[in-house]
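Participant: Listed below, chain by chain, are the residues.
Number of protein chains: 2
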Amino acid sequence: MDLNLMRELSVKTEARIVLLVLDGLGGLPGGDGKTELEAARTPNFDALAARSELGLSRPLGRQAGVSPGSGPGHLGLFGYDPVRYAVGRGILSALGVGIELGENDLAARINFATRDGSGRISDRRAGRIASGDAAELVNLLQKDVDLDGVEVILEHEKEHRAVVVFRGEGLSGDLSDTDPQRTGLEPLPVRSPSPEAEKSVRLANDFVAQADELLKDRHPANTVLLRGFGMHPALPGFRETYKLDAAAIASYPMYKGLSRLAGMEILEEGEGISGEVQTLKESWQEHDFFFVHVKATDSAGEDGDFGRKSNVIEEVDALLPEILDLGPAALAVTGDHATPATLESHSWHGVPFLLHSDHVLPTAESFGERTCAGGSLGVFDAEEIMGLLMGHALKLNRYGA
Amino acid sequence: MDLNLMRELSVKTEARIVLLVLDGLGGLPGGDGKTELEAARTPNFDALAARSELGLSRPLGRQAGVSPGSGPGHLGLFGYDPVRYAVGRGILSALGVGIELGENDLAARINFATRDGSGRISDRRAGRIASGDAAELVNLLQKDVDLDGVEVILEHEKEHRAVVVFRGEGLSGDLSDTDPQRTGLEPLPVRSPSPEAEKSVRLANDFVAQADELLKDRHPANTVLLRGFGMHPALPGFRETYKLDAAAIASYPMYKGLSRLAGMEILEEGEGISGEVQTLKESWQEHDFFFVHVKATDSAGEDGDFGRKSNVIEEVDALLPEILDLGPAALAVTGDHATPATLESHSWHGVPFLLHSDHVLPTAESFGERTCAGGSLGVFDAEEIMGLLMGHALKLNRYGA
Chain A
92 MDLNLMRELS
102 VKTEARIVLL
112 VLDGLGGLPG
122 GDGKTELEAA
132 RTPNFDALAA
142 RSELGLSRPL
152 GRQAGVSPGS
162 GPGHLGLFGY
172 DPVRYAVGRG
182 ILSALGVGIE
192 LGENDLAARI
202 NFATRDGSGR
212 ISDRRAGRIA
222 SGDAAELVNL
232 LQKDVDLDGV
242 EVILEHEKEH
252 RAVVVFRGEG
262 LSGDLSDTDP
272 QRTGLEPLPV
282 RSPSPEAEKS
292 VRLANDFVAQ
302 ADELLKDRHP
312 ANTVLLRGFG
322 MHPALPGFRE
332 TYKLDAAAIA
342 SYPMYKGLSR
352 LAGMEILEEG
362 EGISGEVQTL
372 KESWQEHDFF
382 FVHVKATDSA
392 GEDGDFGRKS
402 NVIEEVDALL
412 PEILDLGPAA
422 LAVTGDHATP
432 ATLESHSWHG
442 VPFLLHSDHV
452 LPTAESFGER
462 TCAGGSLGVF
472 DAEEIMGLLM
482 GHALKLNRYG
492 A
Chain B
92 MDLNLMRELS
102 VKTEARIVLL
112 VLDGLGGLPG
122 GDGKTELEAA
132 RTPNFDALAA
142 RSELGLSRPL
152 GRQAGVSPGS
162 GPGHLGLFGY
172 DPVRYAVGRG
182 ILSALGVGIE
192 LGENDLAARI
202 NFATRDGSGR
212 ISDRRAGRIA
222 SGDAAELVNL
232 LQKDVDLDGV
242 EVILEHEKEH
252 RAVVVFRGEG
262 LSGDLSDTDP
272 QRTGLEPLPV
282 RSPSPEAEKS
292 VRLANDFVAQ
302 ADELLKDRHP
312 ANTVLLRGFG
322 MHPALPGFRE
332 TYKLDAAAIA
342 SYPMYKGLSR
352 LAGMEILEEG
362 EGISGEVQTL
372 KESWQEHDFF
382 FVHVKATDSA
392 GEDGDFGRKS
402 NVIEEVDALL
412 PEILDLGPAA
422 LAVTGDHATP
432 ATLESHSWHG
442 VPFLLHSDHV
452 LPTAESFGER
462 TCAGGSLGVF
472 DAEEIMGLLM
482 GHALKLNRYG
492 A
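First to last, the protein sequences are chains A and B.
The first sequence begins at 92 in this note's numbering and counts up one residue at a time.
The second sequence begins at 92 in this note's numbering and counts up one residue at a time.
So that you can see chain A by itself, here it is in the shape it has in the complex (with noise of 0.2 Å):
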């Protein structure tokens, strides 16, 4: 999508959105020949269905057969070109672990390591550290690394991962890895092609320096090495971009984090599901537009619990009227990608996705995957959705004379 066209275009009104994600809704048949949505029963998502449009979006748009991480998974709901916009892993991290990330800050993720007495990586992983070890390593960094003119950021993540951010005035994340990629290799001086990297370039080798000084009698976890360096990518933000005042109702970290990078206001989401259609009931007044995020669908696909997945799914379905009820101008239902619980991950499929508002052209009595791919919409990208959104809302003006 044209995020300047959008910016040109878009108008504010008092019209409300709400775009529902169940993280990786889409799914494939188990063994009835169903899909975990078709096998869920649905009735007020396909009462919905039969009062909106439906079609399969492609999170990312034709890089077709490749799997979405949550990050692009989400940019592309949210407008941004996954693939042009892409945020670094380690900013991706930071933003699950937490850390509420500026435009000044660099991120990298960290694999605490072993190395032999040759200075060789005999373990990039330096045992499978427990979590319980390296967190009390991060903390050790934490308190005595010291690096000249910016402020260090260390949080734990699980077993032998961990994030570092690097927070201060002129830094880059035009660098690359120390991990040589296998044992028995010296890890790599973090290096740069562009000039302006060169103080990050300076930091990031003196934090390696002193972490291997300070961990050298750690053994297993005796050096560090850093991964997947990046800036705080510069989106356009959702006020100037949508002219929306746009919240965020999520529980995971991760997720309110890259609703942050959209400019959303991170709204504080109740307990499980029906605590976040409590908080979107709440707070209905004050916002134009919410993402509402529900994360069960995923996680019970990543378990390759085909069951739990249909269930969570019929309780959001339960839970259905009472959006309804607010009387959203537009209203879309769907995943930032799919996970089949047949593939126990994340997959590269189609999308079930379904938008209601008060002009639409309905082709189906229920929400699946099959009905989607013969929807009004087609098969479509995931990037075009929020301009469906604002079409729908009326919140868009027409495009020439």
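Treat each hint with caution, since some may be false.
Copies of the same chain are indistinguishable here, so a pair counts whether it falls within one copy or spans any two.
Claimed, not checked - Within a straight-line C-alpha distance of at most 20 Å, the following computed SDA-like cross-link-like pairs (lysine to any residue) qualify:
#	residue 1	residue 2
1	K125	S457
2	K386	W439
3	K125	E456
4	K290	A492
5	K125	A138
6	K334	R107
7	K386	L94
8	K334	V157
Rather than coming from a laboratory, the hints here were simulated on the basis of the structure.
Fit chain B to the given chain A structure using the hints.
Facilitator: Chain B in isolation, oriented as in the chain A frame:
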């Protein structure tokens, strides 16, 4: 498709992929309202469709309405943007006559033509000179033309048409045609806007001058017109892009040549379609990607022979179980373009596409243009097919965290 993304995400595995191309497969309704594919008795394709994803492929993507030649049609199937990676007509002709090309090769098409006493072109096709006569002139030129510092390779095509390849260091394909496009005009000198093409300009004009001297008493074929200059294109190869050890099974030089451009190994094909399937079976352990090309569908369509085209499709259908028995992780059945018998030519219409793997969302019980139009892949660009195959074969890492 973003080939850099493919290179970044693709992984080497044991899984095998088959891309089965029935040239010109797409069709239009004949007398009884069915297309060639719909009219054919295809129990095996239909049973497979019920375990596959379907879609209609657009050979040139967004260049709707444009009928592709075999070159662009296959480049799209191989994942290359067929407009960006335009392959010169000279190169396609050289591939078509079976010249094995390398990266130092500059090719152009030759028309034998007639020049009158005043030096103007009076017949751009030399009275459509007989093939035997033209072949003799090609031999004459091959024997006596001598260019400084490059090898010259000539092959006759058909009637007044031939192809020339200049092989040597420092050549450029950025050259203009000598064909004035209509009679009554003098042939044009070869020119180029780019200084790097100076050597090639000199060589091409020298070639024309020597040919004119050798042909001066050979009226009506007393000169040559050169068209469609182009260098052997540097396509990102299958090995580095997809980490595939790819093989091509095709009976015509043009398709072998196109496969070679993509870095595929050309296998010795057997006799007829069953011979190609036999080659596939014998080579199954040696490669992890197989492009199998069936020409006869296109030839029947070009001849306007609806029934013969259906018969060829039935012949392939009968061989399908042998391919399935090999157990490909992903199998696509499609065409490079449509060749409706009613049009007796390549056309711009959508091409039926079927993709079978263990991870599919079936939507129909038969393989035909109209079941494909309603499939879960929708109407999509042929350029995305390689990504889909890689995804379905589980050969792509996730994009982003």
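Participant: Could you place K290 and A492 in one of the four classes (within, between, both, neither) given a Cα distance threshold of 20 Å?
Facilitator: neither (51 Å within a copy, 27 Å between copies)
Participant: Checking K125 and E456: alpha-carbon separation at most 20 Å within a copy, between copies, both or neither?
Facilitator: Close inside one copy (16 Å) and across copies (15 Å); limit 20 Å.
Participant: How would you classify K334 and R107 at a CA-CA limit of 20 Å: within, between, both, or neither?
Facilitator: within (12 Å within a copy, 48 Å between copies)
Participant: At most 20 Å between CA atoms: does that hold for K334 and V157 within a copy, between copies, both, or neither?
Facilitator: between (32 Å within a copy, 15 Å between copies)
Participant: When Cα atoms must be at most 20 Å apart, do K386 and W439 count as within-copy, between-copy, both, or neither?
Facilitator: within (18 Å within a copy, 32 Å between copies)
Participant: With 20 Å as the alpha-carbon cut-off, assign the pair K386 and L94 to within, between, both or neither.
Facilitator: neither (28 Å within a copy, 32 Å between copies)
Participant: Under a CA distance limit of 20 Å, which applies to K125 and S457: within one copy, between copies, both, or neither?
Facilitator: both (13 Å within a copy, 19 Å between copies)
Participant: How do K125 and A138 come out at 20 Å by Cα distance, when the copy is not named: within, between, both, or neither?
Facilitator: Cα proximity of K125 and A138: in one copy and across copies (19 Å, 18 Å).
Of the hints listed earlier, those the structure fails to meet are numbers 4, 7, in rising order.
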